[in-house]
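A.B. asks: These are the residues of each chain, in order.
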Amino acid sequence: MNYNWNWGIFFQTSPDGVHTYLQTLLLGTGWTLLTAIFAWCMALVLGSLVGVARTAPYPWLVRLGDAYVELFRNIPLLVQMFLWYFVLPELLPVEFGDWLKQLPDASFYTAVVSLGFYTSARVAEQVRAGIMSLARGQRFAGLALGLTLPQTYGYVLLPMAYRIILPPLTSEFLNVIKNSAVALTIGLMELTARARAMQEFSFQVFEAFTAATIIYILINMVVTFGMRWLERRTAVPGFIGAAPQPVATH
Amino acid sequence: MFSNFDFDVIIRSLPYLFIDGMSFTLLLTAFAASGGIIFGTLLALMRLSGFAPLSLPAAGYVNLMRSVPLVLMIFWFYFLVPYIGQWITGAPRPIQVGAFLSSLVTFTLFEAAYYCEIMRAGIQSIPRGQVAAAQALGMNYAQTMGYIVLPQALRNMLPVLLTQTIILFQDTSLVYVLSITDFLGAASKVAQRDGRLVEMYLFAALVYFVISFVVSRLVRHLQTRVAIIR
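One line per chain: the protein sequences are A and B, in this order. Note that the working numbering gives residue 1 to position 1 of the first sequence, counting from 1, and the numbers run on in steps of one. Converting from the second sequence to the working numbering requires adding 250 to each position, the first position being numbered 1.
Simulated from the structure, these hints should not be mistaken for laboratory data. Glycine is no exception: its CB is placed at the ideal position from the N, C-alpha and C atoms. Be a bit skeptical, because a hint or two may be false.
[Said to hold, decoys possible] Here's a subset of chain B near chain A, in silico, CB distances under 10 Å, partners left out:
no., residue
1, Tyr311
2, Asn313
3, Val318
4, Pro319
5, Leu322
6, Trp326
7, Tyr333
8, Val427
9, Ser438
10, Tyr451
11, Ile461
12, Phe463
13, Ser466
[What the hints assert, rightly or not] Computed list of chain A residues with no C-beta within reach of chain B, every gap over 12 Å:
no., residue
14, Asn6
15, Thr55
16, Leu158
In isolation and in its complexed conformation, chain A is listed as follows (with noise of 0.2 Å):
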């Protein structure tokens, strides 16, 4: 192979003068890891929301939350921030339009809010299969003893639940880290992004690309040991582990 490696060149300055390659490589590793905790934590309240919904006994509820999830899991991702990010400001009054499409950091805020809805309805999947996994017997003791049922979901239903799905939940959490790469198309400055600038830049392809996957290897590794640990916390006394699922993501 004819390619000229130089490892050197993540400590030579980039273009913008200030910082060196791997400054600007670990500031896109900032941005990412930004991005992909403010989704989550949007995807986890308005996915157990969703997940609540669909197991609720009311039908219209039931009904509102699949067409939720069928809505955001059967556009891609990709499509879903161009909606966010150039559809939207155009459906709005004027106004309201402009001030969006002029708010700094425009591709931040759309990447987390696409990225967060994206991932609720994936989320809303997995409370509702913890729920539903619970015996009947559960929902029917909470509300005998004269629970609400707010109160029964509150105290009896989701703390079991959620230690039950805390392993696909992790799957979702390094989903998340990874889908906001996407974040790319729409001018985000995040840890792909800056591997392709410095591509462009330096013409050093392959270190560029090696340092980002460096990079996100180590952000798996550290997120999955520590939701290990979590899971050894939480795990429920008397289970056996949850065996992984084959569930189709990517």
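Since chain A is already given, all that's left is putting chain B on it; use the hints.
C.D. replies: Frame of chain A; chain B shown alone:
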């Protein structure tokens, strides 16, 4: 809000969107899914072989592919495939490969990691007694796998494999980052040329939604049909 919604731009660009764009998307999905399932099954067999020189590289490959974003892999292979081509053919300089071949290699190799995990779960769901019975009948490894284990694993996992293929279909939109004219790429080009972002992106979303939704409904229906009654 929809007062100046231009339906005409969609009608005018329909042939371009579907003949140029959608055929690329569907062909890429079909070839990458077939290639990914074959390579993924091989990876799964390697991972389950219990022979470290086979299982460790397969596990490493799968974990590597599953820890990096698809977008990054698309960039990787876009620059790597010419060098691989040079290495295979022994040409003096990196070979220029077309957009289709480059993305086909990317998606096949990337999705194989995901198909591998599905097939691995499928193979592991077959009772051990079946393998023992096949061996007692005098079957060798290839026969045991080919006649006994894999057909059942494939059948058990068919719904999950198809769901993964729907995800692959949606993921192919990411070739946008290489400015390739897939369905979304075509929609995006028309959108930018005519300044009709709202119409084109909404239409693209609608088409992706309808296809994914209908196919996932069919998969759910299939799930009840092919389930092995135990």
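A.B. asks: Return the status of the interface hint for Tyr311(B): holds when the least beta-carbon distance to chain A is below 10 Å, violated otherwise.
C.D. replies: Hint on Tyr311(B): violated, closest Cβ of chain A at ~13 Å, above 10 Å.
A.B. asks: Over 12 Å from every CB of chain B: does Leu158(A) meet that, or does the non-interface label fail?
C.D. replies: Fine: 27 Å to the nearest Cβ keeps Leu158(A) off the interface.
A.B. asks: So, as I understand it, the hint says Tyr451(B) touches chain A; can you test that by seeing if any CB pair is closer than 10 Å?
C.D. replies: With a closest approach of 5 Å, the Tyr451(B) hint holds.
A.B. asks: Min Cβ distance, Ile461(B) to chain A: is it shorter than 10 Å?
C.D. replies: holds (8 Å)
A.B. asks: Just to be careful: measuring from the Cβ of Phe463(B) to every Cβ in chain A, is the smallest value less than 10 Å?
C.D. replies: Holds - the Cβ of Phe463(B) comes within 10 Å of chain A, reaching about 5 Å at its closest.
A.B. asks: Could you check if Val318(B) really has its C-beta closer than 10 Å to a C-beta on chain A?
C.D. replies: holds (5 Å)
A.B. asks: Is the Cβ of Asn6(A) farther than 12 Å from every Cβ of chain B?
C.D. replies: With a cut-off of 12 Å, Asn6(A) remains clear of chain B, as the shortest Cβ separation is near 15 Å.
A.B. asks: Hold the hint about Ser466(B) up to the distance rule: shortest CB distance to chain A must be less than 10 Å.
C.D. replies: Hint on Ser466(B): holds, closest Cβ of chain A at ~7 Å, below 10 Å.
A.B. asks: Per the CB criterion, is Leu322(B) less than 10 Å away from chain A?
C.D. replies: holds (5 Å)
A.B. asks: Can the hint on Asn313(B) be confirmed by a CB-to-CB distance to chain A that is less than 10 Å?
C.D. replies: Interface hint status for Asn313(B): holds (8 Å vs cutoff 10 Å).
A.B. asks: Against chain A, run the beta carbon of Val427(B) and see if the smallest gap drops under 10 Å.
C.D. replies: At 6 Å from the nearest chain A Cβ, Val427(B) passes the 10 Å test, so the hint holds.
A.B. asks: Would you say Thr55(A) is clear of chain B, with no C-beta pair closer than or equal to 12 Å?
C.D. replies: holds (19 Å)
Checked against the numbered hints given earlier, this structure breaks only hint 1.
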